Amino acid sequence: MITAFMPRALRVVVWIAVSLLGAFALATIALHRGEQINALWLVVAAVSTYAVGYRFYSGFLSAKVLALDPLRATPAERLDNGRDFIPTNKWVVFGHHFAAIAGPGPLVGPVLAAQFGYLPGTLWIIAGAVFGGCVQDFVILLFSTRRDGKSLTEMAKSEIGRIGGVVAYVAVLSIIVILLGATALIVVNALKSSPWGTFTIAMTMPIAVLMGVYLRRLRPGRVLEASLLGFVLVIAAIFGGQWVTNTPSWAALFTLTAPTLAILIIIYGFAASALPVWLLLAPRDYLSTFVKLGTISLLAVGLVVLRPSLHMPPLTRFADGNGPVFAGTIFPFAFITIACGAISGFHSLISSGTTPKLIRRETETRLVGYGGMLAESMVAIMAMIAASVLQPGVYFAVNSPAGIVGKAPEAAAATISAWGFEVTAAQMATLAHAVGEQTLFNRTGGAPAFAVGMAQIFSSTLGGQAVMALWYHFAVMFEALFILTIIDAGTRVGRFMLQDALGHIWKPLGRTSWYPSILATSAVVVAAWGNFLWQGVKDPLGGINSLWPLFGICNQLLATVALCVATTIIVKMSCANRGQHKSASLGYVFVTLVPLGWLVAVTFTASWHKILDPNPRVGFLAHATQLAKAGADSRLVFNDRLDAAVTAVLVGMVATILIESALECTKIISGSKSARTEESPFVMTRLTAEEQA
Amino acid sequence: MKQNRRWGDGPPRTSARAKPGSWLDGLGRMASAIRSILQEIFDESAYQRFLERNGLQSSPSAYARFRQENEQAKSRRPKCC
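In order, the protein sequences belong to chains U and C. Each residue of the first sequence is one higher than the last, beginning at 508 in my numbering. Each residue of the second sequence is one higher than the last, beginning at 4 in my numbering.
The reader is advised that the hints may include incorrect statements.
Derived DSS-like pairs: lysine-lysine, alpha-carbon spacing no greater than 30 Å straight-line [what the hints assert, rightly or not]: (1) LYS1174(U) x LYS571(U); (2) LYS597(U) x LYS77(C); (3) LYS914(U) x LYS597(U); (4) LYS597(U) x LYS571(U); (5) LYS914(U) x LYS1045(U); (6) LYS597(U) x LYS22(C); (7) LYS1045(U) x LYS1136(U); (8) LYS1014(U) x LYS77(C); (9) LYS571(U) x LYS1180(U).
If you're looking for bench data, these hints aren't it; they were derived computationally from the structure. Only a predicted model underlies this, so the values are computations on that prediction, with no experimental measurement involved.
Using the sequences and the hints given, assemble the complete structure.
Given below as structure tokens:
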């Protein structure tokens, strides 16, 4: 860091100044009432806290708790094969890791949680990242690195026990299925009745094929060039979308209903998993990453340069749990709605996947694991800002389902205005016209609200109202493209996991090249997430109300599993080192035990509410009873009961791993079991001082 | 020095004209680092390593072989939310 080159006294002064600035910014966003504040306060509060957290807390974790050893050879060095295990520059691994963990979650979660006001979400993003998410990503990355790049499931099995391994497996598969259903619904809600958005996304398919031909035939391996070409063509497609919208015959062709879009996405997911469609998928994946990194950078620069004001109040009346976007009080629902920007169990899969196989020095896990999550958290802060720059009335008009505010624009505007957030049907019609949509009412899911916020930020200086529609559709395209690549990759990963498991029952089913198995397992995975998507499309409350909390619970339960594994390993390390190192202290276990305790409280409380809460908007079973009494479609009743059952099964399984982990730790602390971790033996690094630099 | 460098090694010294430690040198190193990161993210580095490992020249058939090998590993990696 820059301060490393300063004299000690100056360093102390600089860090005191950064800490004070962060405290002042946090106080400003927390205590300011009645007036709008500038978005930069959120940025300053976050950046200062992250800087202090990285310098001091991650420093403490590195030196004391984990005792990072620069002389210990990593698997990337010992097992270097130029393919999976490659000692790689720390900044390159950082970029690679960040690109892998940054998904739609940190963009969508904060937008939805903004219904409470910007304050609860912002504080959770900052504190959750520094004390929870970054710690999880860092320790899992290090522990996987010390175990030759073992996956979370393998570590759970070897460090906790067989049940731990099974629970981790089921949790991973469940989160993939629910993630795909929830994110697919976001795409459906963003594209329904939007010929412009649908045309642009449809055009990414021929563009990807063109990129594939360029990569294979014309300039083999020049992915950056091909992605740049693809990006230019996508921008052209956005302009083309405007023409499509203004041409009635074409507009009719691309104006699709939510069920039609859902069916198309389900077919797409199946084809991506079961058919050899490399020419489409790989280039689209590159294009999506290119657009994602570009848009995040652009948004970061835009926020700093344009410094917009936040119109959303710090706290809204919906802190009481009756919010239209999703029902539930701040605790626990804000903490499961925002997962990826604060703490996300999914990250532990990346931290125990590709990344540990690239780490050149053990000490670099701090930058990659802890630092990578800080960068992700910053993306969540930007999303919170994008949602909060909207007028609250507009925000609620876009994000509220028709089942809550009514389908007719006038009725919806009247309901939202009655809540104290002024908005009119005419104002929404003007805004919809400005962004090139037929309507912006009831566009639940978070993506359209984020797109409107982003369009407002950029169009305020770059091109004005004239280009607002282009910015809006650029943002929609970016999110939809991003999510579609998650759907095709996730379906394939789910299919492989299922094949691995079924292979234990009947060997041919485990063969990834046997077509009947490929078709059958792809169909099962697609049917699983497709069911959740269909449920969301048909849900009178908009789907997001039930699916996003379910996804959040699932994601945080996976984080609970990851922190259980980490806590067990730290207990073993502390007990094994007792008597050898004075610094080894069992008290260090609190670095993972505290976030673990918090997550257990959050996820178990949220699960209880989602299953048993008597409020039909919160509890699945209460909603099922209400629907049954009203004589609603039996399918809707079944969906609610299924959601309740899925939640209960997941919570039960995580409770099992918690108990198993607690028993294991108790045995080790009491001395009735030896504290033996499954680390690879120490090997001295051969990297030269020059390579270390 | 140059022969010992490997893919993923990160930013080399940028230019003989940029004085080491100067802002120009720093800027060049940053640009070079960003390029290295992008090459890793977009599998260009992986392709170069594949060519080096197999002693191949870049060609449509070599790239097709690389894709086949790369896809097998990549298709098992989940994409984060």
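Against the structure, the hints come out as follows:
{"no.": "1", "hint": "LYS1174(U) x LYS571(U)", "in the structure": "holds, 24 Å"}
{"no.": "2", "hint": "LYS597(U) x LYS77(C)", "in the structure": "holds, 21 Å"}
{"no.": "3", "hint": "LYS914(U) x LYS597(U)", "in the structure": "violated, 52 Å"}
{"no.": "4", "hint": "LYS597(U) x LYS571(U)", "in the structure": "holds, 22 Å"}
{"no.": "5", "hint": "LYS914(U) x LYS1045(U)", "in the structure": "holds, 15 Å"}
{"no.": "6", "hint": "LYS597(U) x LYS22(C)", "in the structure": "holds, 24 Å"}
{"no.": "7", "hint": "LYS1045(U) x LYS1136(U)", "in the structure": "holds, 18 Å"}
{"no.": "8", "hint": "LYS1014(U) x LYS77(C)", "in the structure": "holds, 23 Å"}
{"no.": "9", "hint": "LYS571(U) x LYS1180(U)", "in the structure": "holds, 24 Å"}
Violated hint for the displayed structure: number 3, the only one.
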